[in-house]
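Taken in sequence, the protein lines are chains A and B.
Residue numbers for the first sequence follow this note's numbering, beginning at 1 and rising by one.
Residue numbers for the second sequence follow this note's numbering, beginning at 1 and rising by one.
Everything labelled a hint here was simulated from the structure, so no lab data went into it.
Misleading hints may appear alongside valid ones.
To be verified - Pairs of lysine to any residue residues, derived as SDA-like cross-links and limited to a Cα-Cα distance of at most 20 Å, are as follows:
#1 426(B) to 145(A)
#2 192(A) to 210(A)
#3 347(B) to 443(B)
#4 108(A) to 443(B)
#5 426(B) to 92(A)
#6 108(A) to 347(B)
#7 426(B) to 89(A)
#8 471(B) to 97(A)
Unchecked claim - A short list of chain B residues far from chain A (calculated; beta carbon distances all over 12 Å):
#9 179
#10 201
#11 347
#12 381
#13 431
#14 432
#15 449
To be verified - Output of the computed footprint for chain B on chain A, the stretches with three or more beta carbons under 8 Å from beta carbons of chain B:
#16 40-50
#17 66-74
#18 219-229
Being a predicted model, the structure only gives us computed values, none of them experimental.
Every residue, glycine too, gets a C-beta built ideally from N, C-alpha and C.
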Amino acid sequence: MLEIRDLHASVNTNEILNGINLSVNAGEVHAIMGPNGSGKSTLAQVLAGRNSYEVTSGQVLFDGKNLFEMEPEERAREGLFLAFQYPVEIPGVSNTYFLKSALNAIRKHKGLDELDAVDFLKLVKQKMKLVEMDESLLNRPVNEGFSGGEKKRNEIFHMAVLDPRLSILDETDSGLDIDALRVVADGINKLKRKENATIVVTHYQRLLNYIVPDVVHVLVDGQIVKSGGKDLALELEAKGYDWLKSSSPVSA
Amino acid sequence: MSTEENTIEQLASKEYKWGFVTDIESDTAPKGLTEEIIRLISTKKDEPDWLLEWRLKAYHQWLTMEEPTWPNVRYEKINFQEISYYSAPKQKFQPKSLDEVDPELLKTYEKLGISLREQEWLAGVAVDAVFDSVSVATTFKEKLKELGIIFCSFSEAVHKHPDLVRKHLGSVVPYADNFYAALNSAVFSDGSFCYIPKGVRCPMELSTYFRINAAETGQFERTLIVAEENSYVSYLEGCTAPMRDRNQLHAAVVELIAAGDNAQIKYSTVQNWYPGDKEGKGGIYNFVTKRGRCIGNSAKISRTQVETGSAITWKYPSVLLQGDNSVGEFYSVAVVNNHQQADTGTKMIHIGKNTRSTIVSKGISAGVGQNSYRGLVEIKKGARGSRNFSQCDSLLLGDKCGAHTFPYIEVKNTTSTVEHEASTSKIGEDQIFYCKQRGLSAEDAVNMIVNGFCKEVFRTLPMEFAVEAQKLLGVSLEGSVG
Chain A
1 MLEIRDLHAS VNTNEILNGI NLSVNAGEVH AIMGPNGSGK STLAQVLAGR NSYEVTSGQV
61 LFDGKNLFEM EPEERAREGL FLAFQYPVEI PGVSNTYFLK SALNAIRKHK GLDELDAVDF
121 LKLVKQKMKL VEMDESLLNR PVNEGFSGGE KKRNEIFHMA VLDPRLSILD ETDSGLDIDA
181 LRVVADGINK LKRKENATIV VTHYQRLLNY IVPDVVHVLV DGQIVKSGGK DLALELEAKG
241 YDWLKSSSPV SA
Chain B
1 MSTEENTIEQ LASKEYKWGF VTDIESDTAP KGLTEEIIRL ISTKKDEPDW LLEWRLKAYH
61 QWLTMEEPTW PNVRYEKINF QEISYYSAPK QKFQPKSLDE VDPELLKTYE KLGISLREQE
121 WLAGVAVDAV FDSVSVATTF KEKLKELGII FCSFSEAVHK HPDLVRKHLG SVVPYADNFY
181 AALNSAVFSD GSFCYIPKGV RCPMELSTYF RINAAETGQF ERTLIVAEEN SYVSYLEGCT
241 APMRDRNQLH AAVVELIAAG DNAQIKYSTV QNWYPGDKEG KGGIYNFVTK RGRCIGNSAK
301 ISRTQVETGS AITWKYPSVL LQGDNSVGEF YSVAVVNNHQ QADTGTKMIH IGKNTRSTIV
361 SKGISAGVGQ NSYRGLVEIK KGARGSRNFS QCDSLLLGDK CGAHTFPYIE VKNTTSTVEH
421 EASTSKIGED QIFYCKQRGL SAEDAVNMIV NGFCKEVFRT LPMEFAVEAQ KLLGVSLEGS
481 VG
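Pulled out of the complex, with its shape left as it was, chain A reads as follows (with noise of 0.2 Å):
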């Protein structure tokens, strides 16, 4: 489902991420470690199109197509989403209604009818069960005075809306507690199916005990110096990652 082949991509000519390959297929979960400033966040915002990094080799394709020809909006339509690590305040602008235009934007791409007020209220009843979201957040502006545990949530609840083909989870676990992070692990796993696939970048194992990874990478200064089973990720919480930076197939 996404190809990504020897991607460089850097911030004012500082090089981030440095040649990174990685194949993710439908069905499965991938988690993506690594320190402080490894490349972790960037690697998600690149895939999602935020344009404050450039690329500066390398391809993705997302379902067979490049994703780096595409917008951001049209990556989502396309079925790609990205849980932020700091959800964004929309002041004025209910949550529901946002959603609602979002839904429909991708609906529309897809050909599909747009839901009109009913229809949508009903499936958000539905999805919001799956986050255990209070109602009254459906209603207050998109993310304004949200707890940040709350916004977390938000962004899960988002993604059940919206049932994207690709999620990338970016640090999701961060700033939520065990409780918080149970609810919002637990709805990840609920949404889970074998058409769809997720990427889960964090730095604590501990998220991995809730939502169990086929596949573990670590990323260290912009390249994937490790893949394994879900069991390095235990590794990595016993030893941390410095046994791994030393190892690093340094490049040229």
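Put chain B on the given structure of chain A with help from the hints.
What follows is chain B alone, placed relative to chain A:
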């Protein structure tokens, strides 16, 4: 990949889809302003002597006045002798059906959700539609007449209700008030007159009817609204459809009078005149004096304005709170794009005891537009226990535009409370990116963010007008605004 900033610029720099219409006209007075011209206007309109005298007094006053230069706007000096102050009737190009109307214009109407019939009227289609509208108007008029409400053109009021006009004309905005008010008083063309008698609640929003009524009132418009004791009226002025006009200078005067106790006037206006081309050439100068006066106790004047058009907007709708416990409200959205400039705000003058006022101003700047909020809250010595709350928020799109706030506060007693809040924010790249990541186009994203920003003001508009105003911002974002 285009950057989000580019997107904003692209949005902001799209052209206003509909500019001026060339038309043929006849019966135009020679350029320039003299006593003879004023006599000519008055004669053409068959006015009583007292009104001619009033116009002449205003003219002589105007001659002694200087054009004000204090606003934060720039434009070339206006040559007042190059303007023609009277022209009628106009022979316009009249399309026979909508098929002959510019499809771009129709598209705009459609986006604004304007009904087919009204589209025909706005586009000046010469057929039945117009008669239709007139008959609709007549039906309204019958209904209003039963209640004793007078609602007609200013000229008609001068002939049919001279005592009322004479009593109230200039009682809120005297002809000597300011340069443009004096000019308007000398040469005003026409406008609207509205009178709500004691105890009557006007059962309809005076809106659709107004559009019909106020057609072609020209550049020097005069409006007078009087509400007697315990009466209520909601009055909508203007139109969300782009207004085209050959006249560059617009200097209207609007007087609102909440004459009796508990009288209430709700006045909403949407202004979408031609803003000029990308370089700012040819746009309309909108220099308007609008003022309301709460004379009765517990009277209330509430204004909402949405300003998206004009090259220069310069107006400070104000309220004099004379009656004890009277209330003034001002809600405003002002949008500037490209080279548009706006210096607008309000004045709340507290005179009576326990008077209250609320100001909510939302300024949006895009392109190289400059948006200034200028507001005065004055609490006089006798206005004990009065309160004011002001909130001025500015939203910037891109990094070449500007927002300025000039609040003036004068409080002359110790029992009153004045609060002022101000904020400036920029539409963030991260906000747009967030919307795009959810599948929304940049245009929809900007539209949504801006509408969210204006929500508090739109809430105060009558329902159907609010929907139009939201759409207008949408169209403006696409066409003339960012």
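> Quick one, are residue 108(A) and residue 443(B) close enough, alpha carbons at most 20 Å?
Replying inline: holds, 16 Å
> Is the Cβ of residue 432(B) more than 12 Å away from each Cβ in chain A?
Replying inline: violated, 9 Å
> Quick one, are residue 426(B) and residue 92(A) close enough, alpha carbons at most 20 Å?
Replying inline: holds, 15 Å
>> What's the verdict on residue 192(A) and residue 210(A), does the C-alpha distance respect the 20 Å limit or exceed it?
In response: holds, 13 Å
> Against chain A, does residue 179(B) keep a CB gap of more than 12 Å to every residue?
Replying inline: Non-interface label on residue 179(B) holds, nearest chain A Cβ at 38 Å vs cutoff 12 Å.
> Are the Cα positions of residue 347(B) and residue 443(B) separated by 20 Å at most?
Replying inline: violated, 35 Å
> How about the segment 219-229 of chain A: do at least three of its residues have a C-beta closer than 8 Å to a C-beta of chain B?
Replying inline: The restraint on the segment 219-229 of chain A is violated, since only 0 of its residues have a Cβ under 8 Å from chain B and three are required.
> Would residue 381(B) pass as off the interface with chain A, using Cβ distances and a cut of 12 Å?
Replying inline: holds, 39 Å
> Taking C-beta pairs only, is residue 347(B) more than 12 Å away from all of chain A?
Replying inline: Nearest chain A Cβ is 27 Å from residue 347(B), so the label holds.
> For the segment 66-74 of chain A, does the count of residues with a C-beta closer than 8 Å to a C-beta of chain B reach 3?
Replying inline: holds (count 4)
> Per the stated criterion, does the least C-beta distance between residue 201(B) and chain A lie above 12 Å, as a non-interface residue requires?
Replying inline: holds, 32 Å
> Given the hint that residue 471(B) pairs with residue 97(A), does the C-alpha gap stay at or below 20 Å?
Replying inline: Between residue 471(B) and residue 97(A) the Cα gap is close to 15 Å, so the pair holds against 20 Å.
Violated hints, in rising order: 3, 6, 13, 14, 15, 18; the structure is consistent with all others.
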